[in-house]
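Trainee: Listed below are the residues making up each chain.
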Amino acid sequence: MRQFIVFVRKEFYHIFRDKRTLLILFGMPVVLIVLFGFAITNEIHHVQIAVLDNARDTYSQQMIRKMTSSGYFTVKQNLRSADEIEVAFHKGDIKLVVVIPDHFGDKFYHQKKAPVQLLADASDPNTGTTVINYATAIIGQYQQEMTGKLELPLTINTEVRMEYNPSLKGVFLFVPGVMTLILMLVSAMMTSITITREKELGTMEILLVSPLRPVLIIAGKVVPYIALSFIIACIILVMGFFIFGMPIKGNLLLLLGECGLFGLTALSLGILISSVTNSQQTAMMISMMGLLLPTILLSGFVFPVESMPRPLQIFSNIIPAKWFIIILKDVMLKGAGLRQILLPTVILGGMTLFFLVLSVRNFKTRLS
Amino acid sequence: MNNYAIVTKDLTKRFGDFIATDAITFEVQQGEIFGFLGANGAGKTTAMRMLCGLLKPSSGEAKIAGFDVYTQTEKVKKSIGYMSQKFSLYEDLTVKENIRFYGGIYGLGNQQIKDKTHALLQQLNMEKEAGHLVSSLPLGWKQKLSFSIAVLHDPSIVFLDEPTGGVDPITRRQFWDLIYEAADRGVTIFVTTHYMDEAEYCNRISIMVDGKIKALDTPQKLKEQFNADSMNDVFLQLARAKS
Amino acid sequence: MRTIFFILQKEFLQIFRNRAMLPIIFVVPVVQLLVLSFAANYEIKNLSVDIVDQDNSTWSRQLRDKLLASGYFSLNRQTFNPKEAYKDLEANKADLVLTIPRHFERDLVRENEVKLQMLVNAINGSKAGLANGYATSIINSFNRQIRLDWLAMDEDNAPEHIAVSSRYWFNPDMNYKFFMVPGILVVLVTLIGAFLSGMNIVKEKEMGTIEQLNVTPIRKHHFIIGKLLPFWIIALFELSFGLVVGKLVFNIPIVGSIGYVFLFAAIYLVVMLGMGLLVSTFTETQQQSMFITWFFMIIFILMSGLFTPVESMPGWAQQLTLINPIAYFVKVIRMVMLKGSGWADIRYYLGMMLVFAVVINSIAVWNYRKTV
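Chains as they are written, first to last, in the numbering used here: chain G, 1 to 368; chain D, 1001 to 1243; chain A, 2001 to 2372.
There may be inaccurate statements among the hints.
[Unchecked claim] In silico BS3-like links for lysine-lysine, alpha-carbon gap of 25 Å or less:
#1 A/K2370 <-> D/K1063
#2 G/K249 <-> A/K2093
#3 A/K2370 <-> D/K1056
Honestly, the hints are just simulated from the structure, not real lab data.
The shape of chain G in the complex, shown without the other chains:
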């Protein structure tokens, strides 16, 4: 037992002496959360627009003012003719062009119909749609003002309630995602690298001839990283809670337990990777390409899984991260209990066992 502790202590020394890597390990989650919490969003504000105002009467100017005072739009350019529209778009910053016909007020009140054109840069289809929606809504409100308090018959009002995330905070989706990413990074990638590094340097053989049993060697290498990833996960939770008001509606112990489970899953993946290669570089590459990238892309963390084509959706089922994110979201945001997340939990457990069995088999064949 004492030998085991000595070994674990050596591993801790390795980790803490590599200041650069440590900095990244702790700095990365903090930076990611700040970015995702504050900068990565699809909401629009102060979108730059151009106006081709052929009327230039009080009404058209009022309408434009209403658009800019909403905070969603700012007028960057006033166009003088339709020829200038394409040029304005080409410059790159204009996302919307509003074309107002001549005699705008006149057409509205006497001809009962004033056609306004909204031309959106649909390079980014979502921004295009959102911009058109917002502009249309504001124009609709202005129309209401122009006609006075005329009550229209048959009015359907829709009361919308945003469940689980009333203020539509993007961070609620990303805190679970960042936690998953970091656990994957530390537990899987670093573990695979540390084991292969020992192999590369040749010190692995020395360990194998020592009285320490192979299983304890692996365990000893892995324990510091479990601890590390757990600490970092807690830091992320605390940051999410205090800085962004991310709720933890469910049972905290359950949450931590699930984090532990996923940590083990990631760990077993790291061990599996290190059992198939002797080179650090290869271990790194496999971790990057085979683990981190699919985790980021296909787990539902950044891009919704439902929007992906069927084959990718099916593929995403074998990515452990996907199940962990579901667990995190359900427990933290919906307050789910063990019963509701039983399925994903069992799946994660099964995956862990599977990876471990595979690794053990690989190690055995290699050593013999």
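Start from chain G and add chains D and A according to the hints.
Mentor: The following block gives chains D and A in isolation, referenced to the frame of chain G:
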């Protein structure tokens, strides 16, 4: 115009408060085999790196092949060859490709490279291995190849930093045959080593202790001076003298 | 000068002899391009909706049909029981629950006003926003329609209104891939430029061959050029390769001149290689080099406007974009390929790239001289 290959005067290197090389002064004749000995940490490697133009001295003078190490580093580099402890051949290139690379780096023309490659392979009996990756060669062969590449561009001086580590005595002896052959051609050999028996192969040797040169003479005279039977004894006496 | 040629020769030999390198250069980018393009989809379709229709009148049915016919929504469950629908929401089976109350049709006529309730699963904020937007605009359009029908008026005799017509320029099919693929190409090229180049230099440090090279008469800047130039070439090759794949598989438009894209890429890569070089002067092992580069690249990529628009970022983040080379390239490649922007439009960004290239390479080379 003296024909000293290497001249140093009070050459010193300080790292903060630590003096690695302490005002060493010596000369090496052209064509000499000069052994540079000392325990680990005595300052050998630092001194050598200054002479190669890899490190700027803190103070003192040094001239390599007549060129000043402070102001004429480029000319120094063109006139010397170097073989480091790690041999520094590219393991993932073939023998031939390594030769071509270093030949080209030192400015040899294509035809020259071709001719020299042929001659080198013949001399080392490596014609069959020309197209093999260096990683597949045994250690002794890598050393010999390294040396041959170091002198490929016919430098007037070649620096060897512990060139024979890790091989058996017979292979080491074969390596020194190459060195003799180069010395016969007039190349100055500046070699550092741990092996005291190799010290006997040199024309003159110097022994560094704690950054200073504590002995400099032919092996024979040193043995007389210290009343020793072997260079090993000389070395031990000097090493113990400091403590 | 000739020495650069010999260094290049050695580099290319080493790169292509490295078994791991070939798949990294050829297979991985293609896989990434394909997977990423298909996965990186913010298009919201197939939102699953539960409809609680407690009225079961003509109008409630018409509203339901209109929602489902839009293509955005697919029906998960229709029920009378709101509790059932809420359970679906909780179980992630429904994204949206629309409740049409009893006497919907009757109250609309008698009281002139009725309230529908819509519950949206807002865990994914932007998805919820879009879902809300679509549903609301469909409901409003339905409202307008029945109003006109009821008042037995046609469009021309309607009360005064502003007729808003909208048109989507440059991507009328609203194909999200057209938007993403050029951006992903930027990422691919960046990875090669920044990662591989830096790691390559650090590898020589790790192996010790750097010492041997330092003794030779090779000038340091020759060495740097020789080390970086292969990756410049490979990255540009990747770009062409990626463009071909993009065209064949996704049929991405190339409205503007592709020459501008390559011109920009050429300078952009010099910046990226400079970054790789800079990182290599700070690190001793390949692992460190990879980590640090990865750290910065992730930040730059996330803030580049690739996935979320720069305009949506807060002020401080938008300022940071000004020194983010990736953001420039992403913007320019989309401008040129989707909109056909030309020289006058991109020359400012190109100029900035040149400045970046000079600055960062000067710092990197200076630091290299000092430390290696």
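Trainee: Going back to the hint list, which numbers does this structure go against?
Mentor: none
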